[in-house]
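With the hints as constraints, model all of the structure from the sequences given.
If you're matching them up, the sequences are chains A and B in order.
Number 318 in numbering that gives the first Met the number 0 belongs to position 319 of the first sequence; there are no gaps in the numbering.
Number 92 in numbering that gives the first Met the number 0 belongs to position 93 of the second sequence; there are no gaps in the numbering.
Keep in mind that the hints were calculated from the coordinates and are not lab data.
If you want a taste of the chain A side facing chain B, the calculated C-beta under 10 Å gives, among others:
id, residue
1, SER17
2, PHE198
3, VAL426
4, PHE440
Small disclaimer: the values here were computed from a predicted structure and weren't measured.
Note that beta-carbon positions come from the ideal geometry of N, C-alpha and C, so glycine has one too.
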Amino acid sequence: MKYFRSHVLVCVDPECLSKGAHDVLDALNDELVAQGLIDEIQVLETSRIGGCTVGPELMVYPEGVHYVGVSVDDVPYLVEEHFLKGRVVKKFLAPPKTNTDEELGAPTSKEVRVVLRNCGKIDPENIDDYIAEDGYAALEKVLGGMTPEQVIEEILASGLRGRGGAGFPTGRKWQFARASRATPKYMICNADEGDPGAFMNRRVLEGDPHAVLEGMIIGGYAVGASRGYIYCRAEYPVAVRTLRIAIDQARAYGLLGENILGSGFSFDIEVRVGAGAFVCGEETALMASIEGKRGEPRPRPPFPAVSGLWGKPSNINNVETYANVPQIILKGAQWFASMGTEKSKGTKTFALAGDVNRTGLIEVPLGINLREVIYDVAQGIKDGKKLKAVQIGGPMGGCLPEAYIDRPIDYESLAEAGTIMGSGGFVVMDEDTCMVDIARFFMEFTQDESCGKCTPCRVGTRRMLEILQRICAGEGRHGDIEMLEDLCKWIKITSLCGLGQGAPNPVESTLKHFRHEYEAHIYEKRCPAKVCKGLIRYEIVDACTGCTVCARNCPVNAITGQRRQKHVIDPNVCIRCGICEQVCNFNAIVIR
Amino acid sequence: MAQTLHDIPKNDPVAVPEQKAKIDRILAENKNLPGAVMVVLNELQAQIGFVSPAMQAYVAQQMHVPLQQVHGVVSFYSFFTTMPRGKHTVKFCMGTACYVGGMPQLIEKAKQVMNCDIGKTTADGMATLEVCRCVGACSQAPVIVIDEELHGRVRPNKLPQILKKAQQ
Ligand SMILES: Cc1cc2nc3c(=O)[nH]c(=O)nc-3n(C[C@H](O)[C@H](O)[C@H](O)COP(=O)(O)O)c2cc1C
Ligand code: SF4
Ligand code: SF4
Ligand code: FES
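If you want it as structure tokens, here you go:
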């Protein structure tokens, strides 16, 4: 056997590969051969080191030195310095890292991990890991000596409310399903998480699938269901795979299937995969989809608790709702109710996105205010810019202006402010964001996802989108704002499902809080944030050094100029894509 | 675009023995599940890559459901495609974070580099360009997904190199 004095691990995950990791690997081997070191130093491939954003990276053992941003050209120097001369090359040293998980960092002081407690800590593909963290202890407690009524009582007392959007009390929902006589009954988990910008549920499914299963089994016992379905969106293949592994393991342990833990209670769960329709997150549409039909919502009542999947009593909850259940049973309703506000108990996960220093997944006690989330948890606005608005609740939520920053995050307070809790999208926008453009963006989303079944939603959202597009293009007219307001009202009250009813929210809330921006677009033909293409112009100023970078990156060749001379943009050709501004290293391109 | 089982194009999966065997296996495994139509179509899309009109007709016949219903489901969900796709799929995330992070500009540039519009397949059949909804990696916005591979924090000047993967 060969003895290697040193091992070099080269990261070959997708991000590093896209930055040429394979070439670096080849170059390393070549160089080691050339230097006669190939018998002393072994080069290996590895999947993830953790600093991939700065591209090809390697780890040298036994020293444990982590290099990043190494290109093929750097290899000879690196080999000479590190392996021949034994000197660490500072230039490529990875910056000291505190955390390698980009989505879910270590909790900050204002965070509390209940739903996310196991994510990133246990191996989701190993049920024993979950069991070691008190997993399935709640189920044992329930089957070992609680009546279904007692379970429901406990959930009611905890104050747990649905985490899928509307915030309906979970215990009440279970009571209704329990009260229905018909059988079989179904327990459904809504894992369709379709809001753009939201990935809280995915993380739970991928990181702690058994918590969701356990919650569902307990719920199934409480309402008297015999079968469960998890409806997961097709965009989440890893979550689907992880869930299926978890279900198999739970079956093997007798935690799913016939006569669970010898209690006489039988319950099994199956995963069903969606096919890319946002509206399938709506409960009646979701059930139609499980039935193998077009995912179109139907009017309620009858509610699912009475007539749901295949016309049978069904209970539907969100992933996060179920994930809370085992801990409420184990630690007691009082413990859960000690977190949050009077009417909103417990914690909520949010996917932080947008212009903050720390994006990613967080879990905070309800009742925390926006300021604490933005400035403490998310560590403030990027680049020292000013906060303009926060969008909460996804495409059916609204935008809150800075003035609302001290508002507590709970179901009632958000509703009062004109948005919804939603499933946990939390987009922070700085002063460079155009609110009309944001409203247009969400309208595009809902218009596109409208299933078309009812007229107000299908036609109304299209009309609204057309007006918004016109305003953004600089062709807004007198009367547009009033027309938008009318449409908002009409669509809200006449649409069949929550999608149509919520679709006007982004427009309504921006009209309410940022009306002046609409007015500037329409009456002054000006986009205050300098975003809307129809209302801006790119210009090159004297700072230009003539490096030609912009001209080479312009997709429509709108930029001309000699090397080392100031360049110019032809406004008639320019499509206002903004690439030149992004690539210019001299801040020589400005928007007028 | 309903199609009967009489005039199947020669290269349709229903007419190609290996593919047909795959379809039959998928049907046999799933057709008795409750709500099987979605499951079968999902499997066909995953394993064959698309669900042609002839495949829809075949599924309807084998499962004893009206062709109308199968067609209705296929046309409703954006994941199902009725035509073969490019060898690679390039998806541009147009979720909130990516949109705010500059995706529209990247798309303009990509259209030029690939000489192909969104929703279309390049002339050489190499790549299909699509926009998609949030892929759940917002912290890395803007995000482009080539096949199953995610590329985050894509900058316009790095785009051509990334797109090379979809050109061979
Ligand atoms: C258009 C639309 C999309 C929805 N999407 C989701 C979703 O992705 N996930 C979810 O849990 N609930 C979603 N809901 C809410 C569900 O209809 C339902 O209220 C929820 O799953 C109930 O679970 P909960 O009580 O645990 O919140 C959506 C509703 C509408 C109207
Ligand atoms: S990149 Fe900037 S400095 Fe270089 S030519 Fe363009 S505008 Fe001038
Ligand atoms: S904004 Fe885009 S199209 Fe206009 S000059 Fe700059 S790079 Fe070219
Ligand atoms: S918005 Fe692109 S990954 Fe979420």
